[in-house]
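Student: Listed below, chain by chain, are the residues.
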Amino acid sequence: MSLLAAILIISGLFFFTGGSIGILRFPDFYSRLHPAGKLDTMGLLMTMTGMALYTVQEFTLAAIFTSLKILLIIVFVFITSPTATHAILDAGVRAGLSPWTAPGKGERE
Amino acid sequence: MNVDNLSPDELSPDEKRQTPAFSTSLKQIISFAITFLICFATWIILSGRLDFFHLGLGVIACAIVARLSSTKLISRRGIENLPRQWFRFVCYVPWLLYQVFLANLHVMSLAFNPRLIEVIDPKIIRFKSKLTRPMSLFIFANSITLTPGTITVFVSITGEFTVHVIDEYSGLSLPGEMEEKVAELMGE
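As given, the protein sequences belong to chains A and B, one line each in that order.
1 is the number of the first residue of the first sequence in the working numbering; add one for each residue after it.
1 is the number of the first residue of the second sequence in the working numbering; add one for each residue after it.
None of these hints come from the bench; they were simulated from the model.
Glycine included, every Cβ here is placed at the ideal spot set by N, Cα and C.
Any given hint might turn out to be false.
As the list claims (entries may be wrong) - Just the calculated beta-carbon pair ranges, DEER-fashion:
#	chain 1	residue 1	chain 2	residue 2	range
1	A	ALA84	B	PRO94	19 to 29 angstroms
2	A	ILE64	B	THR158	15 to 25 angstroms
3	B	ARG84	A	ALA95	41 to 51 angstroms
4	B	PRO94	A	ILE73	18 to 28 angstroms
Construct all of the structure, not just a fragment, from the sequences and the given hints.
Tutor: Laid out in structure tokens, this is it:
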């Protein structure tokens, strides 16, 4: 159980790292939102599941409540994260920022 | 998303034609009870104390909230097929998680790709969805945004989607299989 929790947390951290590197490397505002909004969600899902598993090892009432709270965090993030990402992106579109397109491939819409 | 603004009572013509299986007052009680149970479960998890005082406070608070907002959470007209819908939703979530995982791996490989600028090809695609109910449009739009590589820019009430995709591969799945799944989920 502890091993499984460790594996989950480490792979979640790997997703977080990928997300941060993606934010730095992607070319513009819109494409940066992709790693920022989603790799985070995945990383959070994995780290939080890992922590919930780790907490529930003792199997007391308090531990179960704690891990249920952690699961609630996942549920709320899965509802709010896409909405927030969409709101930021929509704000960009409304402000008139045009998306970066790959050189030479620009007019293919 | 614009679909949020609609009340959940807006249903497709098909469902309005169905003859109701329960009377209105029973439906009121059912939607009140479900809202109350959801609120109370959240209360217990968040408070974590099982003594009489805290549970009593929870009952009072949840009753007030459920009385005020039960019509917002659960639409009365579709209440007959609620269990079936929730079952379908439970089946939908693992599939969505699997898709999210696959797509995450793809975006990860992009982020670590040394020739990033040549590989990605961001563009905005538009398509018309065959989904009609506001709730299914909302679920579909959020599912698109959850899947990495695609973000919903705009959804019109008639089901026209504008989606920003990061590269060719991410856009391939649209509208496609996910739309089918959501349609199945909402019984359209």
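Student: Are the hints correct? Go through all of them and say.
Tutor: Now the hints, each set against the structure:
The hinted window of 19 to 29 angstroms between ALA84 of chain A and PRO94 of chain B holds, with their beta carbons roughly 24 angstroms apart. A C-beta distance of roughly 46 angstroms is found between ILE64 of chain A and THR158 of chain B, which places it outside the suggested range of 15 to 25 angstroms. Separation of ARG84 of chain B from ALA95 of chain A is about 43 angstroms and conforms to the stated range, judged on CB atoms against 41 to 51 angstroms. Taking 18 to 28 angstroms as the suggested C-beta distance range, the pair PRO94 of chain B and ILE73 of chain A conforms, at roughly 19 angstroms.
Hint 2 from the earlier list is the only one contradicted by this structure; the remaining hints agree with it.
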